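**Student:** Residue numbers (this note's numbering), protein chains in the order written: chain A, 1 to 654; chain B, 655 to 853; chain E, 854 to 1175.
In short, the hints are calculated from the structure, not lab data. Being a predicted model, the structure only gives us computed values, none of them experimental. Misleading hints may appear alongside valid ones.
Take a look, some chain B residues computed to stay more than 10 Å from chain A by CB distance [unchecked claim]:
no., residue
1, Ser731
2, Val763
3, Ser839
4, Tyr848
5, Val850
Covered, in the sense of this in silico footprint (three residues per stretch, anywhere, with C-beta under 8 Å from a C-beta of chain A), are these stretches of chain E [said to hold, decoys possible]:
no., stretch
6, 872-886
7, 895-909
8, 1021-1032
Ideal Cβ positions, reconstructed from N, Cα and C, are used throughout, including at glycine.
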Amino acid sequence: MDQPRHTPASHLKDGPGRGSREAAALDATWRDPPGLMGWLAAVNHKSIARRFIVTTFGFFVAGGLLAFVMRLQLARPGSKLVGPDLYNQLFTMHGSTMMFLFAVPVMQAVTIYLLPLMMGTRSVAFPRLNAFAYWIFLFGGLMLYVVFFLGAGPDVGWFSYVPLAGPDFSPGKRTDFWAQMITFTELSALVEAIVVITTVFKLRAPGMTLNRIPLFAWAMLVTAFMILFAMPSVMLASTTLITDRLVGTHFYNPAEGGDAVLWQHLFWFFGHPEVYLIFLPGLGFISAIIPTFARRPMFGYTAMVLSLIATAFLAFGLWVHHMFAVNLPELGKSFFTAASMLIAIPSAVQIFCWIATLWSGRLNFKTPLLFVLGFFFILVLGGMTGIMLASVPLDLQVHDSYFVVAHLHYVLIGGAVFPLFGAFYYWYPKITGRMMSERLGRWNFWLFFIGFNLAFFPMHLLGLRGMPRRVYTYQAGLGWDTLNLVSTIGAVVIALSALLFVINAVRSLRRGALAGVNPWGAGTLEWATESPPPPCNFYAIPVVHGREPLWQGPRAVAEGGAPAFTHVSGLAADTREVLATTVLDARPDLRVNFPDPTIWPLVSALAVTALFLGSIFTPWAVVWGSIPIAIALTAWFWPRHSETAVHLSLERKP
Amino acid sequence: MTTPRQLDVSGLPSYAFSHRSLMWWGTFGLIAIESTLFALAIGAYLYLRSQSDQWPLGAPPPDLLWGSTNTLLLLASLWPNHQAKSAAEAGDLPRTRVWLLVCLMFAVVFLVLRGFEFAALNTRWDSNAYGSVVWVLLGLHTVHLLTDTYDTAVLDVLLFTGPMEGQRFVDVSENAMYWYFVVFSWLPIYAVIYVVPRI
Amino acid sequence: MMDTLHDVLAPFGPQAGHVHALWMLTLAVCTLVFAAVLAALLIALLRAGRSNAQSAPDLSALGRPEPGRRHGVIAAVAASTLLLLALIAASIFTDRALAKLSTDGALRLEVTAHQWWWEVRYVEPQVADTFITANEIHVPTGRPVIVTLKADDVIHSFWVPSLAGKKDLIPGRTTTMNFRADREGAYRGQCAEFCGSQHALMAFFVVADPPERYEAWAAAQRRPAADPPPGQPLRGREIFMRSSCAMCHAVDGTSAQAVRGPNLTHVASRGTLAAGSLPNTPDDLKRWIADPQQIKPGTYMPATQLSSEDMDALVGYLQTLR
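Isolated chain A (complex conformation):
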C-alpha cells in the first residue's frame, strides 16, 4: 500500500499562509491510496460517505420499484399480475428496504460526509469503525436482495409479527434472513451513532462551543443518542426470533409460557423511536437550508435544540399506540394517547420557528427551499392524521387500514424524504463541485409533490372505506376501485420524478455549472473550503466565533481585548493528526493521531458477515465464526512498529 511518506523526525505542520509544500503534504496524507486495494482500504470520511450515500440511494430506488409493482397490482380489483406469495414478499421487502436499508442509513451517510466539514475538522472519530459500518451495512443489504432474487424473500412484513413469523407458520429460512438483516443493519447504525456522538462532542473547531454548533449537528447528535437506546430492542427481538426458529427457545410460543405480544412490545419499543430516527435528521436538513435561503440566522435556536431533545425523549414513550387493538389495560392506553398527542408540541415549536424565520427573511426560491416548502404541506398534513391515530377509539377504526399507510407516508416522505432531496440539491455542489440544474430541479419537485399527493391522499379515503393493509388484491364493487387507480397513477408520477432526479444528478456531474466555494452564500463552515473539499477538508482549521462563522466573519478582537485567533496551526501535515477539543467550550485539548487507510475494517466485516450468515443455519457458527472475527479485530487493533514510531515522535504526555 502506498502510504504517505513520512519520517519520525518530520516537522511539516499545517496552518494559515503555509506554502504549497504543506498543502501537498496534507493532500498526500489524507487522500485514499490508489488502485482497487486503496479503494477497499479507504478510511477518509468523505470516501466512505460518498459510497454510503450512493448505496443507500440504490436501495431507495429498489424499494421504490418494489412499491411500483405493488401499485400496478392494486390498480385494478382482482388483478392477477402478482400472486399473494410474491406480493407478500414485495411489501415485506419494500418496508424493510425503506426502513432499514434507506431511511436511517442515508441520514447517517450524509452526516458522515458533512459533520467534519461543518465542525471544522479533518475526520470523523473512529474512521476505521466508520468504514466497517459501511461494509457491514452493504453486506446485510446485499444478503437480503440476493435471497429475494432467489425467490426466498421474507414475506411476513417488515414488522414480522409472531406467531406468523415463528417456526410453525413461516417454514424455511425466509424469516431468518430478514431477522439477520436486522442484525447487520442495526450493528452498522449503532456503530455510526457512536462515531457521530464522539465527533460532535470531541472534534469541533476551537471556539465552536456547544451552543454554536449548527442545528443539523444537534439533530444528528440527538438522533445518535436515540439510536443507542432504541436499536438494542430490535436486536433483542430479532435474535430471540432466530433462537425460537433455530434452537427451540419459546419466547413467543404461548403453549410454553411465551407471549406473542412480547414481540410487539420489543419491536415497537424500537419501532416508534425508529420513525423519529428518520424524522429528526429531516428537521436538521430544514434548519440548515432555511437560514441560507432566508438570508438570516434561524429564529429561536435554543427553543429548536430543546424541541429536538424533547421529541427524542417523548418518542420513547409512544410505542403502545401501535398496539391499541391488543387487549391491554385501557388506562395504560390512555397514557399513550396523551403522549402521542403531546409529542406534536415540540414539533410545532420547530414549525413556528421556521415560519418566523421565513417571515422575517428575504427569500431565495431555489430548489432546496422548494423541497422545504413541500415538507411544510406534506408533513403537517401527516402530523394531523397522526393526531387522529393517537386517539384510541379513532385508531381502532383506522388501524391496519390504508389510512395508516397514508399517514406513515405523509410523515416519512414529507418529514424526511422531501428535506433529504432539498439537502441533495443543497450540498451536491459541495460534494461534486458542480451545481445541479435548477430547471430540472423544479420539475423534479413539482412532479414529486403532485405525484405524492395523488398516490397517497386517496389512501386516507380507502382506509375509511374499510380497505385493510397488506392485501394483495381486493374485490370489485367495494368502492375501492377508482381510488386505487388514482393512487397508482400517482405512483407513476413519483417514478418519473425520481427518474428526473437521477438524470439531473448524473448529467450535472459533467455539465453542471462550476460551484465555487460557497454558491449559496451560506454561513456554516462546510462552505469555507473548496468544492469538492480537499482530502484534508481544510488546509488550515478555522477558529470559530459564532453560530454562522462565514456570515459573522473572524472578529478582529476576541473577548478580553486580545486580537482574535482565526486559524489553528501546528498540526502535523505528513501524518493524520486531528485536533480534539473540550466537550462544552471547544478549547483545544489534544493532538490525536488518526489511523492510515487499512484493509482490516473490510476483512472484519467479511468475518462478521460469515458468522451472521452461518448462524442462520446452525448455532455452531457463533462459536466457530468468532475465531476469524477475533483474528481480524486483533490485527485491526495491533499497532505497527512504524506507526508507533511516528506516534512517539509526536508524543507529548498529558
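Starting from the structure of chain A, add chains B and E where the hints point.
**Tutor:** What follows is chains B and E alone, placed relative to chain A:
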C-alpha cells in the same frame, strides 16, 4: 479582511485519560448500548413472569452456589482492576502488566464458574419461555465476559511485547472502565436470575 | 356478491357512531390547524422580500432579541397545546362512552379466527341450543352482542367498520368486544391483521335482521341437517362422506364432525363462500371445490378431483344444507 492569527496547537498533549480520550466516548457508547440491552432482557423476563401463574415454569429456581460465588469473585476483581487502571494512569508499565495479568486470571476463573452456573440453572433454553429467557440473560452477560477476557488478554500481551506508546496506557484505563461495567451490570442480572424466582 | 356497508363514515351502531362523532370533531380541528399553518406560511412567503446568494445576510437578530416573533411563536404553541388537550379530552370522553354500551340481554358469540376463515359459535343459555357457523354472523337489530375473540394459529383482527372499531385475536389470549347493530342490513368486515397468504381474502359479514327474522334464522341454524331427498342429493352426501370433505368439515346430523374447516351444516344459507371470496352459487361452489388454489392460492383446502356428474351431485347435496 482580518490578517490570519494562528492558534498554535503543536504543544498540546497527544493522549489523555478519561473523557478527554476519544475512545472513552466509544466505550461510553458501548456501555449505553449494552446497558439498554440488559435492561430490555430483564424487562422481557419480568414481563413473561407477569404473564404466568407459576414462576419459574416447570423447574426449581437456579442453584445459588456457583452464581453467588462468581458474584463475590466478580466484586473482588474490582480491586486488581482498579490497580491496573491506576498503574496505567501513572504510566507505570511493570505494575500495569502485572495487575492486568491478575485481572486476566480472575476472568478465566469467572468463565469456568460461569460454565457451572449454566449447568446449575435447572432448566434448558428449549424447555419453556422461562428457560429461554434465563439462558439468554445469562448468555448475554457471558458474551461480555468473553469479550472482555479476550480484550484484556490481547492488551496484556501487547504490553509485554510492545510496541509501546502512551496511548496504550489509555487503552488499559478504558478496558478497566469496561470491566467495571461488566461487574456492575451483573448485579441486577444476578438479582433477576437468582433472587426473583425465590420471592 | 352481497351488497354491504363497510364505511367508518357510515356508522350503523353506537360504537361506530361515537367514533364517527369524534372523527368529525377531530377532522374539524385538524383542518383548521392545517389551514392556519399553511396560511401563516403563505403569508410569510408573500411578504418576505426576495434575495439571492450574494445578498448580505441579516445578522441583526444575533444582537437583539425579537420579542414580536417570540410572542407569535409562543401564542401559536399555546393555542396548539390547548387544542391538543381538548382533543385528548374528547378522546377520553369517547372511550368512556364506548365502555358504557349496555350489555343487558346481550347475544353471546365466540369467534375463533383461523387462517383464513372465521369460526362463529353462538353461545346459548341452553347448551343444546349452541350452534356453530362460519364467516356469516346474524344478529338481531337493537340488541347488544358480546363477542369473545380467540385465534387458533396466528394473529388476526376482527373489524366491521360500520359497526365498531377492531380488536386483535391473538393465540394464547382471549378477549371480548361489544357492538350493536341498530339498522337492518349486511355489514362487511375483513381481517385487519396480516395473517399470511390469504389475509386479503378473509372477509366476514354481520347481517342485522329484525328480531323475528333473526329468531327464524337461529332456529334453522340450530336444527341438524335434514336427510337429503333420494337421487342426486343423497348420492351427493355419499360422495361428501367418502371424499376428503368429511376429514375437515362437519355437517351436524351426519357422521362428519371434523372441525379443521368451516362447519357446513347450513352452508347453503350463506351469501358467500370461502370467507367472502366468492358468491354462493352452484357454479362458484363447483369451481371452489375443484381447485381452491385457483381462487385462494395458499389455502389449506386441497383440490378435489371428481367427475362432472359426481361434482353436480355433491353440489346438489350441499345446496340442500340450508
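**Student:** For every hint, state whether the structure bears it out.
**Tutor:** We went through each hint and held it up to the structure:
| no. | hint | verdict |
| --- | --- | --- |
| 1 | Ser731 | holds, 22 Å |
| 2 | Val763 | holds, 21 Å |
| 3 | Ser839 | holds, 13 Å |
| 4 | Tyr848 | holds, 19 Å |
| 5 | Val850 | holds, 15 Å |
| 6 | 872-886 | holds (count 8) |
| 7 | 895-909 | holds (count 13) |
| 8 | 1021-1032 | holds (count 6) |
In summary, the structure agrees with every hint in the numbered list given earlier.
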